[in-house]
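**Student:** Hey, can you piece these two chains together into the complex? The hints should help.
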Amino acid sequence: MSAPLPNNTGAALLYSKGCATRFRNTFALDLAALLMLAYSLCRVFLTTPNEKMQGTVQRIFYYHVPFAWVALFAFFMVFIFSILYLARRREWMDAMAVSNAEVGVFFCTLVLITGPLWAKPVWGVYWDWDARLTSTFVLWLIYLGYMLLRAFVHDTHRRAVLSAAVGIFGFLDVPLVYFSIRLFNTQHPKPVIAGGEGSGLAPVMRNTLFICLIAITLFYVCLLVRRYRLERLRQEAETLWEEAGA
Amino acid sequence: MHWLKHPVVVALGIAVVAVGFGKLIERLAAETYHPFLYAAYTLSFIAFFFYLRSLDARTAEVKREIDSLRKELRK
Chain A
861 MSAPLPNNTG
871 AALLYSKGCA
881 TRFRNTFALD
891 LAALLMLAYS
901 LCRVFLTTPN
911 EKMQGTVQRI
921 FYYHVPFAWV
931 ALFAFFMVFI
941 FSILYLARRR
951 EWMDAMAVSN
961 AEVGVFFCTL
971 VLITGPLWAK
981 PVWGVYWDWD
991 ARLTSTFVLW
1001 LIYLGYMLLR
1011 AFVHDTHRRA
1021 VLSAAVGIFG
1031 FLDVPLVYFS
1041 IRLFNTQHPK
1051 PVIAGGEGSG
1061 LAPVMRNTLF
1071 ICLIAITLFY
1081 VCLLVRRYRL
1091 ERLRQEAETL
1101 WEEAGA
Chain B
0 MHWLKHPVVV
10 ALGIAVVAVG
20 FGKLIERLAA
30 ETYHPFLYAA
40 YTLSFIAFFF
50 YLRSLDARTA
60 EVKREIDSLR
70 KELRK
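Quick mapping for you: the protein sequence lines, in order, are chains A and B.
Counting from 861, one number per residue, gives the positions in the first sequence under our numbering.
Counting from 0, one number per residue, gives the positions in the second sequence under our numbering.
Bound conformation, chain B alone (with noise of 0.2 Å):
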């Protein structure tokens, strides 16, 4: 299942979640919104989703680093 990770999938699963999300307030405003709002605001919440995942990667990583440093000068 490591496929469903992979960015392109993580992307167009939120894609696709702001489009239902889209429909659904259409049908509650009763309005047809233009698509590069639903665009700009769909991009945004990717950016947000793979900015917030990029720090926490980088963090777990220098943190890994850190403890092998240190395992290495306790020796």
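Here chain A stands alone, though its shape is the one from the complex (with noise of 0.2 Å):
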């Protein structure tokens, strides 16, 4: 917990200034990820040629991969995080597993509207209940449900224990999105990228998927820094209250 701050001019200007900087790292990553965002674009809509099968449509693409592997990796870190928090005991620890896990369902929140708008010309219908669709719809369920657990749990070390533990096991369906086209057969296309042989992308598309990739994967470092801030301030909060109720 930090201390509350003496009333005098030194510490207010050494506060002001400690904002102020971490003020100007924030603004120098949302501005990187802001002209990435608008690159990216451009190079969606003017640059890279449409599919031959698909037509225009095809450009969704370029989006909703990289919003599903910033989604996993997310996924992911929650997962690290989580094990780090039940070992050590780091309220950092529970902070970066709760950041990542928001921003995450955020992200698998995107797969799950644009995976519909580009089904719905190409396969005729929005939705699909095959094993990738499924098991994306059922990784974005559980970690609603890490969102819930956190809202009605007040204890706050019984708390982070909990949700690390759902955290860990959540996980194990992580895996089973990625895998799931490679062992069923779905009405989700094979994938492109690492799919063995038959499949890849003209490089012209692949250069702009990696560009929005990179556009969309500092977007999400701008959220998980806004977000892990808030928790840390919740944390400080719950301190405070705690010392204020004592």
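Since the hints were derived computationally from the structure, they do not count as laboratory data.
Every value quoted in this text rests on a predicted model; they were computed, and no experiment measured them.
Just to be clear, a hint being listed does not mean it is correct.
[Claimed, not checked] Which residues of chain B face chain A? A few of them, derived with a C-beta cut under 10 Å, are: (1) W2; (2) V16; (3) V18; (4) F20; (5) I24; (6) E25; (7) A28; (8) F35; (9) A39; (10) F44; (11) A46; (12) V61; (13) K62.
[What the hints assert, rightly or not] Now the in silico label distances, taken between C-beta atoms and shown as ranges: (14) L1036/A to L72/B: 46 to 56 Å; (15) A888/A to L23/B: 44 to 54 Å; (16) L72/B to D1015/A: 17 to 27 Å; (17) A46/B to L1032/A: 22 to 32 Å.
[What the hints assert, rightly or not] Over the 12 Å line for every Cβ pair with chain B, so calculated as not near, a few chain A residues: (18) A888; (19) L895; (20) V904; (21) I940; (22) W987; (23) L1001; (24) L1004; (25) F1012; (26) L1032; (27) V1034; (28) R1042; (29) L1043; (30) N1045; (31) I1071.
For glycine and all other residues, C-beta sits at the position ideal for the given N, C-alpha and C.
**Tutor:** Next up, the structure:
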């Protein structure tokens, strides 16, 4: 817990300087993400050619796939920080886990929005209960459950331990999502990156995909920094409440 | 002018900007794109905006709570 600030000019200046430094750091990151997002949009809409079979609607792919990759990465981070929390019991590890879970749910929601919008013109239906779509939907529900659990358990340590357990066991669905299109016959297309023989993308399309992946990853970091800061402040507020109640 | 900050107005504003941006791009690329392509990207950017706004609003709320708690503890 940070002690209350002494009410003098020096400490106030130091505090405001700290805030300003943190703001500048975030500003550089935000600017980089914004520029990359703008560049990625130009690549998607202006310089990348149409896919032969699906036409213009295939361009949803360039954001849909990075959303999915970033969501799975965020859930992997939840898994790592949940294990670390159970081993070391540091508050910042719990804050990292919950921040990644919320940002992961956000990107997973975008996957579940952009996917059906792509599916309707190509498959003729918005949704199909195949292995990939169902396992992704279950993954989204698991981490929504994680967020609900945190909202309903009020004891700080109990909440952190229980959510770490859900974060570890919930991750079991991530390999299932990843391998579902390799193991089962699905309506969802087979992988185009690291999909083995016969898979792959034209170089210009692959480059656009990687630029979009960099842009979305930078945006993920921006969101994560903000969400982590919020969680640390919440932890500080909880400590102050305990102190006020004692 | 508070109505300008209403979520529905902001979402409609982003959608209008996206359609204008889309028309400009179509002119530059000399091609007509599928409406669902615009829907996917517009909805993604509306979600980006509202999630960022919600994070900033929640942070400001917790900061206010901390400030008032500190004041109370100092008494």
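**Student:** Could you run down the list of hints and mark each one as holding or not?
**Tutor:** Outcome of the hint check:
At about 27 Å, the closest approach between the beta carbon of W2/B and any beta carbon in chain A exceeds 10 Å, and the interface hint on this residue is violated. Proximity of V16/B to chain A is violated relative to the hint, the smallest CB-CB distance being about 12 Å (cut-off 10 Å). At its closest, the beta carbon of V18/B sits 13 Å from a beta carbon of chain A; the interface hint therefore is violated under the 10 Å criterion. Evaluation of the F20/B hint against chain A yields a held restraint, the C-beta minimum of about 8 Å falling below 10 Å.
At about 5 Å, the closest approach between the beta carbon of I24/B and any beta carbon in chain A falls short of 10 Å, and the interface hint on this residue holds. A least Cβ separation of about 9 Å between E25/B and chain A falls short of the 10 Å threshold, and the interface hint therefore holds. Proximity of A28/B to chain A holds as hinted, the smallest CB-CB distance being about 6 Å (cut-off 10 Å). This hint holds: F35/B has a C-beta 5 Å from the nearest C-beta of chain A, less than the 10 Å allowed.
Hint status for A39/B relative to chain A: holds, with the closest Cβ pair at about 4 Å, below 10 Å. A hinted interface residue such as F44/B counts as satisfied when its beta carbon comes closer than 10 Å to some beta carbon of chain A; here the least separation is about 8 Å, so the hint holds. Because the closest C-beta pair between A46/B and chain A is about 6 Å apart, less than 10 Å, the hint holds. Because the closest C-beta pair between V61/B and chain A is about 4 Å apart, less than 10 Å, the hint holds.
Interface hint status for K62/B: upheld, as the beta-carbon distance to the closest one in chain A is roughly 6 Å, under 10 Å. At roughly 49 Å, the beta carbons of L1036/A and L72/B sit within the given window of 46 to 56 Å. Checked against the hint of 44 to 54 Å, the C-beta distance between A888/A and L23/B comes to roughly 29 Å, which is inconsistent with it. Under the hint 17 to 27 Å, the C-beta atoms of L72/B and D1015/A, about 22 Å apart, fit the expected range.
The hinted window of 22 to 32 Å between A46/B and L1032/A holds, with their beta carbons roughly 27 Å apart. Interface exclusion of A888/A from chain B stands, the closest Cβ pair being 16 Å apart, more than 12 Å. With a cut of 12 Å on Cβ distances, L895/A stays outside the contact zone with chain B, its closest approach being about 14 Å. With 12 Å as the threshold on Cβ separation, the claim that V904/A sits away from chain B is violated: the shortest Cβ distance comes to roughly 8 Å.
Non-interface call for I940/A relative to chain B: holds, since the shortest CB-CB distance, roughly 22 Å, exceeds 12 Å. The claim that W987/A lies off the interface holds: its Cβ sits roughly 14 Å from the closest Cβ of chain B, which is beyond the 12 Å cut-off. Residue-level check passed: L1001/A sits 19 Å from the nearest beta carbon of chain B, beyond 12 Å. No Cβ of chain B comes within 12 Å of the Cβ of L1004/A; the nearest lies about 15 Å off, and the non-interface call holds.
With a least beta-carbon separation of about 18 Å from chain B, F1012/A lies farther than 12 Å from that chain, consistent with its non-interface assignment. With a cut of 12 Å on Cβ distances, L1032/A stays outside the contact zone with chain B, its closest approach being about 27 Å. Here V1034/A stays apart from chain B, with its beta-carbon at least about 22 Å from theirs, past the 12 Å limit. With 12 Å as the threshold on Cβ separation, the claim that R1042/A sits away from chain B holds: the shortest Cβ distance comes to roughly 25 Å.
The claim that L1043/A is not at the interface with chain B holds, since no C-beta of that chain comes within 12 Å of its own (minimum 28 Å). At roughly 26 Å from the closest C-beta of chain B, the C-beta of N1045/A stays outside 12 Å, upholding its exclusion from the interface. Look at I1071/A: its CB is around 15 Å from the nearest CB on chain B, clear of 12 Å, so calling it non-interface holds up.
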